[in-house]
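Undergrad: Sequence:
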Amino acid sequence: MMWNLTIQKIQPETEDTKSFWLRPDRPLAFRAGQFLILQQGEHRRSYSISSSPGDSLIRITIKRIENGLFSRYLFDEARVGETLTSSGVAGRFQLPENPDAFEQYVFFAAGSGITPCRPMIEEILTHRGQSTVVLVYSNRSEATTIFRSELTELRRKFPKQFQIEWLNSSNVNLLRARLSKWLGGELLQQYVRENDKAAFYLCGPYDYMLTAEIGLVTEGVPLARIHRETFLAPEFENPQSPPDQREHKVMLNFQNQRFHISVQYPVSILKAARRQGIDLPFSCEAGQCSACAATCVKGSVWMSRNEVLSDRELAAGRVLTCTGFPVDGDVEIVY
48 MMWNLTIQKI QPETEDTKSF WLRPDRPLAF RAGQFLILQQ GEHRRSYSIS
98 SSPGDSLIRI TIKRIENGLF SRYLFDEARV GETLTSSGVA GRFQLPENPD
148 AFEQYVFFAA GSGITPCRPM IEEILTHRGQ STVVLVYSNR SEATTIFRSE
198 LTELRRKFPK QFQIEWLNSS NVNLLRARLS KWLGGELLQQ YVRENDKAAF
248 YLCGPYDYML TAEIGLVTEG VPLARIHRET FLAPEFENPQ SPPDQREHKV
298 MLNFQNQRFH ISVQYPVSIL KAARRQGIDL PFSCEAGQCS ACAATCVKGS
348 VWMSRNEVLS DRELAAGRVL TCTGFPVDGD VEIVY
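The sequence shown: position 321 = 368 (the working numbering), numbered continuously.
One thing to keep in mind: the hints can contain errors.
[To be verified] 27 Å max Cα-Cα, derived DSSO-like pairs, lysine-lysine: (1) K207 with K244; (2) K228 with K204; (3) K296 with K228.
[To be verified] Across the chosen pairs, the derived CB separations fall in these ranges: (4) I211 with Q311: 49 to 55 Å; (5) Q311 with L270: 32 to 38 Å; (6) Q311 with Q237: 49 to 55 Å; (7) Q287 with Y120: 29 to 35 Å; (8) R322 with S288: 18 to 24 Å; (9) Q237 with P146: 24 to 30 Å; (10) S309 with K228: 45 to 51 Å; (11) G232 with Q55: 55 to 61 Å; (12) N114 with S309: 31 to 37 Å.
Since the hints were derived computationally from the structure, they do not count as laboratory data.
Just so it is clear, CB atoms sit at the ideal spot from N, CA and C, and this is done for glycine as well.
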């Protein structure tokens with residue numbers, strides 16, 4: 048299913064970031080923290096939705112990336128009135144459905160990592176009045192801080208619920224300029240009342256999130272309460288390869304149809320299916336967004352990278368087809 052979204056408004060946020068307000072041609076439901084999948088020919092890109100589910104328009108906020116096909120087009124060429132194509136929304140970077148699950152929510156965001164966090168913060172403040180929010184937000188300077196005025200206004204409206212720690216790398220006080228394991232521990236002691244009643248959400252560059260996660264784990268926060276949203280996957284010098292690189296048959300159960308394909312490393316299950324003209328769901332193709340996730344009901348799938356599936360989901364057979372390869376025999380997958 049595809050949606051057409053008309054650009055209603057374009058607003059600069061910083062020197063290299065713009066927001067786009069979009070009107071879908073029919074209702075497009077989403078939850079705070081999810082992303083919109085845009086499609087242009089064979090290319091798909093995901094952008095976090097920075098508006099709230101109750102807003103009349105969908106907003107995406109995009110930082111211009113020099114080698115980014117979509118971001119360069121949107122930033123340099125897109126105009127009000129143009130139509131974008133989307134295959135829908137996805138993403139697991141969300142608040143728990145139970146509004147009473149946690150008393151406190153702590154967000155660590157860097158740069159454009161604020162985009163999925165902003166609507167989640169607003170939802171907590173407006174619909175989960177018993178919970179408090181702490182935002183640790185890292186940027187190069189005040190001028191490069193996306194949504195600074197919006198966040199400041201939320202802080203003004205909810206002074207007892209919402210606290211912000213602004214970290215700018217231009218700060219002359221180097222101890223408060225960048226997030227570090229030490230500073231993370233200090234902020235945890237300063238803002239978090241009880242670790243076991245708090246949930247933690249991280250979004251930013253890979254190294255930034257790794258620093259935040261190590262700091263939290265060191266302070267006794269279990270990994271199960273740390274949620275990450277990855278925009279760009281890190282590049283490893285020596286990527287892993289599956290123990291079995293032979294060709295195997297894969298049966299795909301998708302949209303009430305069965306497809307039979309052959310898959311052999313280094314071609315992933317997703318890529319092999321696309322080469323056969325099977326339009327499976329996907330977005331990042333890097334094992335980090337879960338748009339391509341399915342369930343393996345027969346055989347074994349080895350994944351070169353998995354940034355999103357939990358141990359419980361892996362035990363239930365969930366796999367990522369974009370980084371998945373059949374091993375030790377034929378495989379059956381259900382969407």
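Undergrad: Could you tell me which of the numbered hints above are not met by this structure, giving the numbers in increasing order?
TA: 2, 3 and 11
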